[in-house]
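J.: Residue numbers (this note's numbering), protein chains in the order written: chain A, 544 to 1072; chain E, -3 to 186; chain Z, 3 to 642; chain D, 43 to 544; chain S, 620 to 720.
Treat the hints as calculated values from the structure; they're not laboratory data. Backbone N, C-alpha and C fix where the C-beta goes; we use that ideal spot for every residue, glycine too. Check each hint, because a few of them may be wrong.
[To be verified] Simulated restraints, written as ranges between beta carbons of each label pair:
1) Ser1040/A x Ile522/D: 45 to 53 Å
2) Gly113/D x Thr730/A: 25 to 33 Å
3) Gln82/D x Leu696/A: 51 to 59 Å
4) Gly59/E x Pro46/D: 28 to 36 Å
5) Thr594/Z x Ile581/A: 51 to 59 Å
6) Ile317/D x Ile93/E: 40 to 48 Å
7) Thr245/D x Ala627/Z: 18 to 26 Å
[Unchecked claim] Short derived list, chain S residues pointing at chain E, Cβ under 8 Å:
8) His626
9) Ile633
10) Ala654
11) Glu656
12) Asn660
13) Gln679
14) Ala682
15) Lys706
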Amino acid sequence: MLDHILSILIFFPALAAVLGFAVNKNSIRSYGVAVATIEFVLALWLWFAFDSSVSGMQFMEHIPLVKAFGINYIVGVDGISLFIIILAAFFTMIGIASLGETKDIKNMIVTLLFLQMTMVGVFAALDAIVFYLFWELSLVPMLYIIGAWGGPLRIYASVKFFLYTFTGSLVMLVGMLFMAYFYYQATGEWSFAILDWYRLILPETFQKWLFVAFFFGFAIKVPMFPFHTWLPYAHGQAPTIGSVILAAILLKMGTYAFIRFSLPLFPDASVYFMYPIAVLAIIMIIYTAMVAYAQKDIKQVVAYSSVSHMGVIILGIFALNVEGITGSIFLMIAHGVVSGALFFLVGVIYDRRHTKYMSEFGGLASVMPRYATIFGIMLMASVGLPLTINFVGEFLSLLGFYKQSHTLTLLAGMAIIVGAIYMLSAYKKMFFGVVTKDENRNLPDVNKRELVALIPLTIITIWLGIYPKVLLEPINTSVEAVVGLMHEKSLTQEAKSRIPNLTKDAEVITNSAENTVENSTENSAEEAH
Amino acid sequence: MFEAIAFYLFAFLTISMFYIAVTTTQALYALSALAAGMIFISAFFFILGADFLGAVQIVVYSGAVMALYAFGMMFFDTTREIKEKQGNKAIILGLSIISAILVVVIVGAPIIGNNITAAYPVTEGAGNVQEVGMVLFTKYLVPFEVAAVMLLVAMIAGIVLAGKKMDLSLTLMSEAEIMMMKEEDKKVHL
Amino acid sequence: MELFLYTALFSPLVGSLFAALFGASKKTKMAGIIPSALLGLSLISSFVLLVSVLSSGETVHVEMMTWMATGDLYIPFGFVVDQVSVTMMMVVTLVSTVVHVYAIGYMDHDKGFNRFFSYLSAFVFSMMVLVMSDNFAGLFIGWEGVGLCSWLLIGFWYHKESATWAANEAFIMNRIADLGMLIGIFLVYWNTGTLQYEQAFAIMPSLEIDVLTWMGIFLFIGAMGKSAQFPLHTWLADAMEGPTPVSALIHAATMVTAGVYLVVRANPLYDLIPSVGLFIASLGAFVALFAASMALVNRDMKRVIAYSTLSQLGYMFAAAGLGAYWVALFHLMAHAFFKALLFLGAGNVMHAMHDELDPFKMGGLNKVMKGTFVMMTIASVALAGIFPLAGFFSKDLILEVAFVENHYIIYSVLLFTAGLTAFYSFRLVALIFHGEERYKLFGIHPHEAYKFMLVAMSPLLLLAIIAGSFKMTYFEMVTKLLPATEYHVHSSLTYWIMTIGTQLFVAFAIVYAYKKYTSRDIKVPDGTSKLENCFCYKLLINQYYIPRFYEDYIVKSYRELSEIFWTKIDQKIVDATVDGIANIFYQTGERTRVMQSGNLSTMLKWMVAGTVTLLSLAVAFGLAARYSGEIKIFLSGLGV
Amino acid sequence: MLSPVNVSIESLNLMTLVPMLIPIVGALLIIVIDLFKSGQDKSLYVMLSLLVLGVDFVALMESAGIFKQNGTVMGVFDVMLIDGLAILSQFIIVGASLLFIPLALTHKRFHEFSYPEFFALFLFMIAGFQFMVATDNLILIFVGLETASLALYTLIAMHNRDKSFEAAVKYFTMGALAAGFYSFGSMVFYALTGSVEINQIATILSANNYADIGFVLVGVVFLLASLGFKLSMVPFHTWTPDVYEGSSAALAGYMSIVPKIAGFVVAMRLFEFLIHSGVVWLEVILYMGVVMTMTMANIWALVQTDVKRMLAYSSISHAGFVMAAILIGTTQSNSALFLYWILFSFTNLGSFSMLWISRQKNLPAHQQSDHSYDKFAGMVKTSPMAASIMGLFMLSLAGIPPFALFWGKIYMISSAVTGGYTVLALIMALNSAIAGYYYLKLIVYMFMKDPVVQNNGHVYVANATLPLKTIIGVAAMGTIFAFLAVNQLLELVTVFVYNSGY
Amino acid sequence: MEIGLNHYLVLTTILFAIGLVGVMRRKNLLMLFFATEILLNAVNISFAAISHYYGDLTGQMFAFFVIAIAASEVAVGLGLLIVWHKKHNNIDLDNMSTMRG
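Build out the structure end to end from the sequences listed, making use of the hints.
T.: Here it is, written out as structure tokens:
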């Protein structure tokens, strides 16, 4: 079973979703929770079975799909993708469990299960086309969730979300096809396997063009400034569960893809584009934080804060060293947890008052103390207080990038200031002061169903803030392999100096990194026979 | 010399006939001019030694086609002057003149190619009809048969469109109405 | 010893969590008593550690567990009890125990009693982490932790707009400085490869001076925020919105001194960069004067004490900047005692006056509040630096340091400030406790605080009096870790002239203040007097217009810029571009769909037009191909 | 004197005619049956046609086998040309027809199916298309084309509504003009080379080293115009939306597949040698044509309010997309063309069939056309299954993986990439994004809007019967599980195309 | 005054252009069909001429088939015309634009 655990993880929810059509409407929630729990347990099992000392791919599966064109179904996990998969399973579980009164709840749960398939698929895929497949497919359930259960502008928002991302990923697809073509030219065989591509060293100009092509796809997904405008609409209109999953998992696809594709495939281009991208990231951090400050709608605040945090993740990725990349991966998870929780929290108040305008609230701290407390914890996590999950990621990301540029890091570090400004002022508007509106006087505090989602998230937020090692270790091992690969592959002097050489200090690690590539190709070769 | 005179004469005639055919407002004029033009074209065929083609042209067009048209015109009020709202004449004129000039510019140039060998050369001594028959029933047997099918299709199409009751919609009629219609059909046949 | 270390560190946390359990429920005394008891435990443990360090001179160093480890980075949760940290631990646990006990009485009537103790203990925990950590990252945890608790406690009465505003201001200002701190930490890491104090400081001497300078500057920026140095000082005065025990503990005795602690802790670094040290000293001296000047006229009791704190922090930085780390630390300690005492006394007064803060509305309270009166007076004397109270030993030492190091400007500034300090301290005492009983005009019936609150304050009182006597013991102890520079004025004559002169100057200031503010014709100022309308007064009462400057030019412009970013740039440019591109396609469709007019004639024309276009292109191309030679000649004739 | 010719039967290779003869015989059979006993139910003719087409399919498999063994076969005085292209395109023609013909078994009664002539003409049309693709003789192409077209005009008109007559007339008239263009173009090539066989023309032209480039271009222009009409390239596309709207949805779907593949094969035969011999002009023009066709059709599709018209524009756009293959002209691109079209036929026939089963006899109330977007509002509430399937087809058309068209799309774009047409590849990709909008629009209507009042969902399946549902099921299965078949298809197509020398 | 192939080609082109004019300007469907006949006939002249000058019979074959095609088109075209006329009692193109956009 362990040999196929990834396929099971991917397709189990989809199968369950299909069967879910036959489940009675009144029992569908229990069904959904059960399925999602099984999936989560499987994901945990994956974690326990995962050998964190191995830097390469594990649990690889390889099935030829379109042999003539080099498309294979290849899946596998390493430390980079493992935790995002678990996070996806986790969020689907608590998302379904805490689902409030929803119309057409059956459709919603079935859609969520489909969405889960695509999410796990994206992070497990090791073939560019399979990756693209899940990447695109993930748009569809999200489109439906936003479009069918969203707010008044839901159609505009969902279509914008879909088309924007779709456009970007089509450009990326062209890039992938080019990549495959280069591989074909080099080896005489078509292949879309990422691990095969890793072995390919491209001339710098090609790298740049391809980097740009991939960049469009990823940047829109992240979303990076100036491609971010779909996000506020999508978040603003989406139902709570939609926002939660969008923020927690879907956005991570973009940043994950940067690490999976852009960095190891185009090390020289990554170095070349490091500064421009860092500048974009800094604009994301500061500019979006300021925009968030100007918002009147609490959900928009959280939405823009997402963009701002994604800026730090991008910065960490383009630190191009182990500290930065590890930090950014950790921050992906951290941001997933925290922004997911914040969207849950916004959903809580929205369910009660059916408004998201901060001016409608005020003084909630005395009416809903538990709610205020959890919100406060998440707020502090969001502004990156030490001993919360976000700090570890932000600290490492910024630390990593500091190696590349002092000034830019100083600017990027403004994140901790501007982040505090909008978050605190939003918190103040909602929770502090005296209760002015009569509707707010008797709001019930968070109920059990909501706590099902919020308590685990709070625990994770603090647990991983104090003891991030459990995650950092496997991530670190895999990231070292990536960085080692990048250093080896890079051509220019500039890149060689920017990307640290790990061989000097850690002979063992690079060896294992090389083994990864070779092993995996051997694996694929074996399985092909 | 004779050939040149004949060419220019018939060229003038065809051009003027066809010109009348596309410009006149009287349907009958147009019809007559067209028929005349067709006949004059057959003259070219004869000049060019394509006797068979000339004959076919006269038979098919002046006979069959024109008969068909005349048949068609019986449906319409031919005495009435046909009023056609004209849109932008400049476009029409411009487009046609440009196209003519362009093609003439190119076509007027001599063909340089000299590697042309006749695939089915005209045999000395044999009549045109014989030659045509020879080629038609060997090389072009298949197209010929397909043309037959095409004519069959055209016939069926003509029958279906003009002959069957296309003015009644079987789609919209109720079952009972269709039954009644069929009954009536039978009565007529009986 | 590890057991004591962990006890000292974690018992506040336990207390905090215990109180937090009752956070949302009704007030219960237990929520106050248990944390206080646990803090007592922490105090005892600290004391045991102090004794051990004193007696054996051995430090305790433990590594609890790994926090972050990736790449070359390795950050553990490591704690160290050495001479410096144990001093701080003592100060922290002692003052906080006192404040806790005091607060049981002070917060008696407050609905958020349980919550308060939870926050307060959490603060102590963070502070302990800050001082006990053996690396910069751990320091940063505590650093941010105390920031959080400060935010919570300043905004404790969250229904008050001013309180929440002040809380946010404090947090954000601290964040600005924290960025500097963070950058400093990055610099340390990338240059030394570690964040452990020991290793990092060991490598530092081998680094380039530029790098070290930047390191020092950025770390000091962090210290500036926490210790409210100019220009990040405005939050401290506003932070007085919090409950008074908070002001005593956080904004006088402990948290604000964290900056000084950082500089002291990083002494190996600052020793290498004397220029930065001089800057720190100058800034300290400036702030000392600057803050004292604002305290002269302020009409808010707590704010006056806050400015005084600020001023004293300036003294500490002056000392630390000049390399007299142990002096700075000593003043820190002494100041903690008497300033906390002063604040707690002020708290009593506030209670008595039903939260009235304007000393002009008080007067003659010595009759009703004897205990408080005595305590505050002694604290003020200590603050003024009158022999033989604590302030004398620590503050005079700083003046000596400045003198000995030949920084006469700093010396004279500090000396002048000492006079000001004495003046405003006794202005306050005089206004509150002497003179006319002006409070009667406002119908207030003041009463003395609970007995146990006064008892709780008594340790501080004691220490404020006798702390000076520990000087030598202390010196012996900390100089094992800190540079053991002794500052002696070369000739004893100069020394005596200086000391006595200072004492006289200060005493004069006290007498003047008394004379001026005990007189019977002190009225509640109504903004009409000549003094109130003079430029200097206005400048000072408005805090040099700095808060207003921040409000008008930074806060407001930030808000406006945000608004512009959102409505103009994000919506009108970025988003509109995207929608615009989509719209271009859609509009092109709408405009050109008329091409499909449905009229067969038009359709035929389109077909012909298409063909003709292709034909003309073909002709153009054909002609160009045919006459390519001629075209070339023609073009070359044109000189192309 | 003419000497008698001796022709041996073997040299004629009459086998090459079999696939075309079968539908002709079938059509005649149907007419004869009607002659003897009229008024038979349409199911008889449907089943007969299915049988005939089935036999035809088997015959095609036979010729495919022969091709695999012997390569290209010429027959009947070298008029017939059975190469890989011919076989592949015939497979598509016959296969699509097989899927189409059961759509006649509707729940409602429609005029055209009451006449056996409909089925006879249908079979004749198939034969016409088969002749058109199985030869490189311009004459036979012309005759085959006209046979098929004339039958098709009639089929459209037989739907017997005002709009269908209008559509037929428009199609017919423009078709006549296109026929004029075709004959003119052929005439130019004949004048240049003295031959009407594409192979010959190519040989002679290259022997002359394209001395008469002007003439060649004029000929190309006219042939391009006439084939452009058939393939509905902008600006010769204007008939397409009107004709699709006027004809029944089923026939519209059919028209979007079969005539086009025939056109593609002819275009491939005609233009590829020209592009390969360096007629830059044609390359430029085709480039422009392809881009225009893709983009403009997409843009017009954006603003449509009727689903069928939208699909009409969408199929124009898809045709433009596929036209790129001819421009690129590599084996990969030509294989991509066939792969794309096979996958496209499933999806597109499926989506048109979905419109077909929701067809009512009269226009729905308050609606301007049969299949306005409004009609589909809130479809998921009333008939979720139908909505899901329709959504599936839309996603496939938009190119969302792993549905059928995605595979065609990536292979096509990849061929552009390998052929060195980077910008074209990008344009193709971005066009897919534009196209995403209008496919999405239908999904939005179906899944996110509320249904119009008094819509109980019956309207979406008003015309459905088991055969229709089966066809839709087949199309849906083909669309979903395409990824399982892509490899085999690709290998097969590549072998056929490569061995034909394209 | 030798009449060459080009003379015929030019003549064809002129006639073809006349046909195009007809196609574009005629609004009466029947008259429009006349114009399409002109197009085909114009080309036929050239086919015969080329055939003559090259001594090759293929041109005549082509012309022959074009005539056949023209004839079939007429049949279908007339059929459509009649149906339309029966329903609408006119054969004006301008009345034939219910579908647009």
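J.: Now look at each hint and say whether the structure bears it out.
T.: How the hints compare with the structure:
no., hint, result
1, Ser1040/A x Ile522/D: 45 to 53 Å, "51 Å, holds"
2, Gly113/D x Thr730/A: 25 to 33 Å, "30 Å, holds"
3, Gln82/D x Leu696/A: 51 to 59 Å, "57 Å, holds"
4, Gly59/E x Pro46/D: 28 to 36 Å, "33 Å, holds"
5, Thr594/Z x Ile581/A: 51 to 59 Å, "54 Å, holds"
6, Ile317/D x Ile93/E: 40 to 48 Å, "31 Å, violated"
7, Thr245/D x Ala627/Z: 18 to 26 Å, "21 Å, holds"
8, His626, "6 Å, holds"
9, Ile633, "6 Å, holds"
10, Ala654, "6 Å, holds"
11, Glu656, "7 Å, holds"
12, Asn660, "5 Å, holds"
13, Gln679, "5 Å, holds"
14, Ala682, "5 Å, holds"
15, Lys706, "6 Å, holds"
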